[in-house]
Amino acid sequence: MKVSQLFTKTSKTAPADEVSKNAQLLIRAGYIHKEMAGVYAYLPLGKRVLDNIANIVREEMNAVGGQEVQMTVLQPKDIWEKTDRWDDAKVDNWFKTKLANGTELGVGLTHEEPVVDALKDFIGSYKDYPVLVYQIQNKFRNELRAKSGLLRGREFVMKDMYSFARSQQEHDELYEKIAAAYVRVYERLGLGDITYRTAADGGIFTEKFSDEFQTLSPIGEDTIYVDEAKRLAVNKEVYTDENLAKLGLKKEDLQEKRGVEVGNIFPLESKYTDALDVHYTDENGEAQSIIMGCYGIGISRLVGLLAEHFADDKGIVWPDNVAPFRVYLAQLGTEAEVAEAAGNLYKLLTDRGVAVLYDDRDVRAGEKFADADLLGIPYRVVISKKTLAANQCEIKKRTEEAAHMVSMDEATKILAA
RNA sequence: CGGGGUGUGGCGCAGUUGGCUAGCGCGCCUGGUUUGGGACCAGGAGGUCGAAGGUUCGAGUCCUUUCACCCCGACCA
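Read in order, the letters of the first sequence are residues 145 to 561 in this note's numbering.
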C-alpha cells in the first residue's frame, strides 16, 4: 500500500470529544472514525488491525476444534422468552426493533438462544458430541454510558464461542481446553504476562464462578485481586472469605489491581438447552440434558487496549503480529534514483508477502518519521540519497531508538523473516 | 438514569458588560523557495456560531425548549 493512495490522513490534534487515549491515538492516526458515542467505524488501517487480531483468535479457536459460523443479528422474540431473557427487567441493554407488521425483534447482544436454535437439528444424538461453534460478529448492547473509546461501546466486534457437551465431565474438559486457548491468544498478543484468569460471578443462572481474563491496566474498569504466584485472580464482585476458600486462595497472597476484561468464559450448565427444550438421546435411548458453555473475546476492545497499552509519547507501538503493516518504507527525496530504489524494495518485499506501507509522498522527512511513529508500524526503512550513496538503506525498529545502515539484501532478509 | 461540563469552517481554539463584513493556529488549494524529525514566503477557498423558538433597533453573546458529546457515579447476559 502506498501512503499516497491511502485515503486516511494523520492529525496532530485529537478531537476534543475524546478523552480516552486509545480513541485519541487511533483517531489521530486514522485507524477509526467515531460515528457516535460508543460506535466506531474501522478505516483501512483499523480494519487490518481488527482482522489481524480476529485471525489470531480464529486460529486458536480452530485449533481446539471450533467450527466457525455466522449467526444473525436480528433475533426472534420467542426463543428469548423461553429462557426469560427478553424482558427489559431481566436484560436491560437490549436494542429492540420491529418488523413492518409490528412483530418485535431483538438486535443481537449475545447468542446463546439462537445458537441452540440453529444447532438443535444436529445435536440430537450422543454420537454428535462434543460440538464447538463460534462466530466473530458485531454485537449490540444499549449501554447506559459508552466510554473509554473502544473499551466500552454500544456496537463492538466480539468472538463468541459455544460448547455443547454430554456430561459435566465432558464440559469441564472442553472448558479447560478453551481456557488454555485463551491463554495462548493473550500470549500471542503480547499480553500474556499481565493477563490473569480471574474468578468472577457466574451470573444469576449458576452457583459456579465464571472465568474472566483480566489484563492489568490503569484504565481497567474492574477491581481484581491477583495471586501472582498462582497466576490467578478473583474479581471484587465475588471477593468473599467463603469464595476465597472455595478457590484455594489466601487473602495475604492477593494484591488489588485494575483490570480490563479481555475475555470471559461461562459454564452455562443446561440452563438454555433445557429452557429451549433441546436434549440429546443417549446410548439407551433416553433424553439427556445438554451441558453448555459460552466463551467471549472482545476483538474490538483488544484493538483499543493494545493501542493504549503499547504506546509512547510519539504514538502507537503495535506488536508485530497485529500491526496493519510490518514495514513503513519512507522514501526521502524525489530524485529518480531514490524513487527507483524505494520502488524496487517495495516491490521485492511485497512480492515476498511482507506488508509494506510505502511512503512515496513528496513531504519532508520529519512528517514521514512522525507518521511512522504515530501509526506504530514495527519497522521503519529509509531510502534516501544518503543511504544510496553507500548502496544501503536505514532500518529502525519502532521499539528502538537507534537506526542501522544495512544493505538492501540484509534489509530484505530481516524484514521477510 | 443522577450529578458535572462542552457544542463557533475538516481539526484545535479565541470571541470583553449584546454592537460594525465572526477571528487565530493546523489542515486544504495555487505559485515560489526549501528538503533527514511535522519548513518558509505570498496568494486563496471554506463557517451563520449544535437545533428550534423567544427578548431586542441589533444575538455567537440574554431567556426557554431540545439534541449531541465528554467526565464521575449507578448499571454492565
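These are computed hints drawn from the structure, not numbers from a lab. Mixed in with the good hints there might be a few duds.
Said to hold, decoys possible - Simulated crosslink set (SDA-like; lysine to any residue; CA at most 25 Å straight-line):
1) K541 - S155
2) K283 - S155
3) K352 - D236
4) K226 - A262
Stated by the list, open to error - Derived CB-CB ranges, DEER-like:
5) A483 - K557: 20 to 30 Å
6) K178 - G347: 47 to 57 Å
7) E179 - K557: 13 to 23 Å
8) N245 - T216: 17 to 27 Å
9) T384 - V213: 52 to 62 Å
10) E287 - K529: 49 to 59 Å
These figures come from a predicted structure and were not determined experimentally. Here a beta-carbon is modelled for each residue, glycine too, at the ideal position from N, C-alpha and C.
Okay, the hints, checked on the actual structure:
no. : hint                    : verdict
1   : K541 - S155             : holds, 22 Å
2   : K283 - S155             : violated, 30 Å
3   : K352 - D236             : holds, 23 Å
4   : K226 - A262             : holds, 15 Å
5   : A483 - K557: 20 to 30 Å : holds, 23 Å
6   : K178 - G347: 47 to 57 Å : violated, 31 Å
7   : E179 - K557: 13 to 23 Å : violated, 43 Å
8   : N245 - T216: 17 to 27 Å : holds, 18 Å
9   : T384 - V213: 52 to 62 Å : violated, 38 Å
10  : E287 - K529: 49 to 59 Å : holds, 54 Å
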